[in-house]
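Undergrad: Sequences are here, hints too, so could you generate the full structure?
Protein sequence lines correspond, in order, to chains A and B. Note that this note's numbering has the first sequence beginning at 108, numbered continuously upward. Note that this note's numbering has the second sequence beginning at 108, numbered continuously upward.
Derived from the structure by calculation, the hints contain no laboratory data. Each hint should be verified, as a subset may be incorrect.
Put simply, identical chains are the same to the list, so a pair is met inside one copy or across any two.
What the hints assert, rightly or not - Calculated cross-link-like contacts (lysine-lysine; reagent style DSBU-like; alpha-carbon spacing at most 30 Å):
#, residue 1, residue 2
1, Lys162, Lys189
2, Lys162, Lys202
3, Lys189, Lys166
4, Lys202, Lys189
There are 2 protein chains.
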Amino acid sequence: MVQPELCPRFEQAVGMLSRRWNALIIFSLLGESQRFCTMTESIGISNRLLSERLKELEKDGIVERNVFPETPVRIEYSLTEKGRALAPVMQEIEKWSQEWLPVQEAAEDEQEPSVR
Amino acid sequence: MVQPELCPRFEQAVGMLSRRWNALIIFSLLGESQRFCTMTESIGISNRLLSERLKELEKDGIVERNVFPETPVRIEYSLTEKGRALAPVMQEIEKWSQEWLPVQEAAEDEQEPSVR
Numbered sequence: 108m109v110q111p112e113l114c115p116r117f118e119q120a121v122g123m124l125s126r127r128w129n130a131l132i133i134f135s136l137l138g139e140s141q142r143f144c145t146m147t148e149s150i151g152i153s154n155r156l157l158s159e160r161l162k163e164l165e166k167d168g169i170v171e172r173n174v175f176p177e178t179p180v181r182i183e184y185s186l187t188e189k190g191r192a193l194a195p196v197m198q199e200i201e202k203w204s205q206e207w208l209p210v211q212e213a214a215e216d217e218q219e220p221s222v223r
Numbered sequence: 108m109v110q111p112e113l114c115p116r117f118e119q120a121v122g123m124l125s126r127r128w129n130a131l132i133i134f135s136l137l138g139e140s141q142r143f144c145t146m147t148e149s150i151g152i153s154n155r156l157l158s159e160r161l162k163e164l165e166k167d168g169i170v171e172r173n174v175f176p177e178t179p180v181r182i183e184y185s186l187t188e189k190g191r192a193l194a195p196v197m198q199e200i201e202k203w204s205q206e207w208l209p210v211q212e213a214a215e216d217e218q219e220p221s222v223r
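TA: Below is the structure:
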């Protein structure tokens, strides 16, 4: 077969970002660390899928799980330095989408698309 | 259900970029317009899939198909203005991948990962 000209690391990054939900999970953690239930609500993802994705992103060194020994125990997820370094990628996607994609009609009348 | 806090346009952009091969197709067209066969070789994608994806990207206004009435007819694909506007996204992904992902061993000894 013909050798690919594309950089394998670029392909790997695209693969990670392309995995369904990953970009939205990273985007939602850019602001501040979050609890599991807050994330399922804001992203609209099932518990099972969020749990799977967070584990993968932890393994990739992009997300970290912080356990606060309170009563009851509080667990929050945040981005590592490697994860926070994706902020410019997310910002450029957001910028492009705002410039080039049409504003969609809100699903419900009272709902405005909220940008961070 | 709970309302998503994420901007629908961001989600739409992520959806488009997440579709397998799309980011690599756009990346490979950033330099110059290309013929179909050059793209299948450099990306390592099947004819069927490339054809499908190019049609979708044309419909999305990201890629355009240019027919040059020569003998034999020459057909090249290039990015539209909307497509070229994705350059900063691709550049940031590339930058991040080079900074944060490990260099992979070349699949074959004589093959060096070539960056664009």
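Undergrad: What are the numbers of the hints the structure violates, in ascending order?
TA: none
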